[in-house]
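Undergrad: Chain A is fixed; fit chain B onto it per the hints.
First to last, the sequence lines map onto chains A and B.
Residue numbering for the first sequence follows the numbering used here, beginning at 212 and increasing consecutively.
Residue numbering for the second sequence follows the numbering used here, beginning at 212 and increasing consecutively.
Hints were generated in silico from the structure; no laboratory data involved.
Glycine is no exception: its CB is placed at the ideal position from the N, C-alpha and C atoms.
Errors might be hidden in some of the hints.
What the hints assert, rightly or not - Chain B side only, calculated, beta carbon under 8 Å to chain A, not exhaustive:
1. TRP398
2. ILE466
3. ALA510
4. ARG512
5. VAL539
6. ALA616
7. VAL617
Unchecked claim - The list that follows gives simulated cross-link-like pairs (lysine-lysine, DSS-like), each with its CA atoms no further than 25 Å apart:
8. B:LYS655 - A:LYS231
9. B:LYS656 - A:LYS527
10. B:LYS527 - A:LYS656
11. A:LYS426 - A:LYS455
12. B:LYS479 - A:LYS655
13. A:LYS656 - A:LYS593
14. A:LYS527 - B:LYS655
15. A:LYS343 - A:LYS356
16. B:LYS656 - A:LYS231
Now for the letters of each chain:
Protein chains: 2
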Amino acid sequence: MKFLIIGGDAAGMSAASRAKRNNPDLDIKAFEKTMDVSYSACGMPYNIADANREIDDLVVRHASVFREKQGINLLTGYCVESIDPNNKTVEGTSLKGEAFQFPYDKLLIATGGSPTIPDLPGFDLPGVMALKSLDDGRKIKTYIKSNNVKKAVIIGMGYIGLEMCEALRARAIEVDMVKPGPVFLPWMEEKMSDAVRKEVESNNVKLHLGHQVQKIESNDQHLEVICSDFSIETDMVLVAMGIKPNSELAAQAGIDLGIKNAIAVDRKLKTSDENIYAAGDCADAYHVVTGQKTWIPLALRANRAGWAVADNVCGKEVELPGITGTAVFKVFDLEVARTGLTLEEAIKSGFDPANVIIKTRSRAHAHPGASVIWVQMIGDKKTGRLLGAQMVGKEGAAHRINTPAVALHGRMTVEEFYQTDLAYAPPFGPVWDPTLTAANQLLKKM
Amino acid sequence: MKFLIIGGDAAGMSAASRAKRNNPDLDIKAFEKTMDVSYSACGMPYNIADANREIDDLVVRHASVFREKQGINLLTGYCVESIDPNNKTVEGTSLKGEAFQFPYDKLLIATGGSPTIPDLPGFDLPGVMALKSLDDGRKIKTYIKSNNVKKAVIIGMGYIGLEMCEALRARAIEVDMVKPGPVFLPWMEEKMSDAVRKEVESNNVKLHLGHQVQKIESNDQHLEVICSDFSIETDMVLVAMGIKPNSELAAQAGIDLGIKNAIAVDRKLKTSDENIYAAGDCADAYHVVTGQKTWIPLALRANRAGWAVADNVCGKEVELPGITGTAVFKVFDLEVARTGLTLEEAIKSGFDPANVIIKTRSRAHAHPGASVIWVQMIGDKKTGRLLGAQMVGKEGAAHRINTPAVALHGRMTVEEFYQTDLAYAPPFGPVWDPTLTAANQLLKKM
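Isolated chain A, as found in the complex:
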């Protein structure tokens, strides 16, 4: 059987490796339009932060390993340009300019996502960059060095923008951040997002909210980011306005798209075409809490979906239960984490949510080194179910978020979660873990 894979990052190479392990006789070809496969994309900000590290340190497995040790026909520099679902072929052009066409029995589209770049003047200037592929990271790193960058503007204040502001500050680069919306971290309640905002500002990052960038101009020495009411002179611009699913290939082949234009897949990761799967940032997923479709591009679910596709292609019949959107990012000394629904999402999804925000300590009474930890927890008044949680703190938020995440998968009520027996020792938390204290407070509102 011929199994073709379009895309050589998390979902694509996970699928290729697992399919080969499942069935060593499988004829697998994986097409990657760049020359980079299997790298830690999420590690790029931390790599960029350190001038002494090579961006290629982030490569998890080199192409040669897939080819020589795993027997996967990995074609780097091969850009697939069209899928013909009737004849079951893919067509495209290699970086060398050679046209190719290959037949498939089963196809996986793992084309990932692309940064959103607005169609405005100057976003194509040298020094205006986004961060998605390893090559993007390479370019940013090279640009900083060769242009001796002292000032940067980041457009956008999401995960990547915030991780990158820390990375650039670590290189002693002055950072201004600009976004059109008036609210910092709009998915987070103000008490908690204020804590994050203060952390960013106390690291000398200037935040400009409510400013729509109109254009970027270049003069001899500098770039200028121009909004209607002010402008900022800078050495480089990072565009971090979010990503969108790379679903054009699928759409052109007549495959159904779903939420946010992601490729619609069922629990087996199958698209509307019987022989075509999609996985990773290009595809949608089921949300465990709502049971509805969602599009949350994150690394773990891409890997997991790649494996599930491999199993299904090899006849194992795997269905994924779905995702809870559990995510964490670090910004300077803070850990910012979430799982499940926000209050707004809970209301939109038809729940009758109760909501609590608590501020407590990361360690036991009288234990030295404790810091503030914020927990928001949301439950459904009708059913008692836990719906979501968010956390901000200097220690323990990143791992603590996983306890409510597991509870969401177990469809536990807030009461059931509150009764869980969590670990306690003074260096690691209070007797009642902050998540349990939040659950206890939430119960009073339910």
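TA: Chain B in isolation, oriented as in the chain A frame:
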């Protein structure tokens, strides 16, 4: 209604406070035989580690707060010596030597646990001490200072012994540890316990396993801990051989004892006597995984049980689902954590367990500062259920153990746990959290 409470620490004072909040008119008396109430017992090793801190820093709420702000009649220095369940009275003697007798409608026994002290010569010598009450901590701290302690022997290698060996090393005291059994951390598999053992030994603590202490002798200057085949000269001895439930009062009153001589209670924390509850280290509990009775003396379940008793006394009808025995301790730079059943416990409880131990990294590929993290995971081949997990590592073990703990409460299978959507960012873990990697490996054995 008259609600009497015997014992003024975690379970007792939690019950007193909550009962008063539930019903401000309740006539509550709490008897504590020492002068200390409501302190962070688990914080004592960390306090002892620091010569500049006062032991009383660990007091969470002073007796005066309970009396004056909460209106609880807290009688410190009141030792209850007998319970008369027929006449519903308690009797005893105060530290001033005055006899007392009080009637009750509902009684809570929250007498805690006591250190196991063997009946051997010399265990009553000055300088031979155990650590359970705040006064024990006070004595140890005073003794170290006034005797200028340079060498200590710890008898026992459990949680408290290991936490105390770190504390004493922090005071530059030479530490030898002795235990009769030949196995270090016998509840942990050797690969993992070896990592803990190496950490302890690399901090210049001498471990002597397989040596039964026969007696302790004193000469002018020193103590001598004498085993059959060798002896150690020392300035002080800490006896850390485990604790036992203080259930004598209950037994004398004809109340049923259960596992390990702990007071047997139902899910409402009621003893065999209709009007008498028990909570905390003196009482047993249901294990969530086995459904059977267990006795695991830990702080969180004591607090929770105290609250549940208060609710039940006030007519709220609360049942506790039980415990999973989730616990963590820190020893030097290692976090050592467990939840649920060990492999041996799983077999004894009639499961057909599969078991896996993995060694992985605490952070993402190529992220600086990663350290080794060990995960053991155990599942039941018959039902697929997750049964338990253990972890050892320099970072993240303490909080990570709570994800399998929640899964145990949710009676999740290993497959369901493996499918959970956990948070990922490079500073905090690999894409696949070590617990998920362990679950994946375990699935292959089930």
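Undergrad: Indicate, hint by hint, whether the structure satisfies it.
TA: Verification of the supplied hints:
no., hint, result
1, TRP398, "15 Å, violated"
2, ILE466, "25 Å, violated"
3, ALA510, "5 Å, holds"
4, ARG512, "6 Å, holds"
5, VAL539, "4 Å, holds"
6, ALA616, "6 Å, holds"
7, VAL617, "4 Å, holds"
8, B:LYS655 - A:LYS231, "17 Å, holds"
9, B:LYS656 - A:LYS527, "17 Å, holds"
10, B:LYS527 - A:LYS656, "17 Å, holds"
11, A:LYS426 - A:LYS455, "21 Å, holds"
12, B:LYS479 - A:LYS655, "21 Å, holds"
13, A:LYS656 - A:LYS593, "12 Å, holds"
14, A:LYS527 - B:LYS655, "14 Å, holds"
15, A:LYS343 - A:LYS356, "19 Å, holds"
16, B:LYS656 - A:LYS231, "20 Å, holds"
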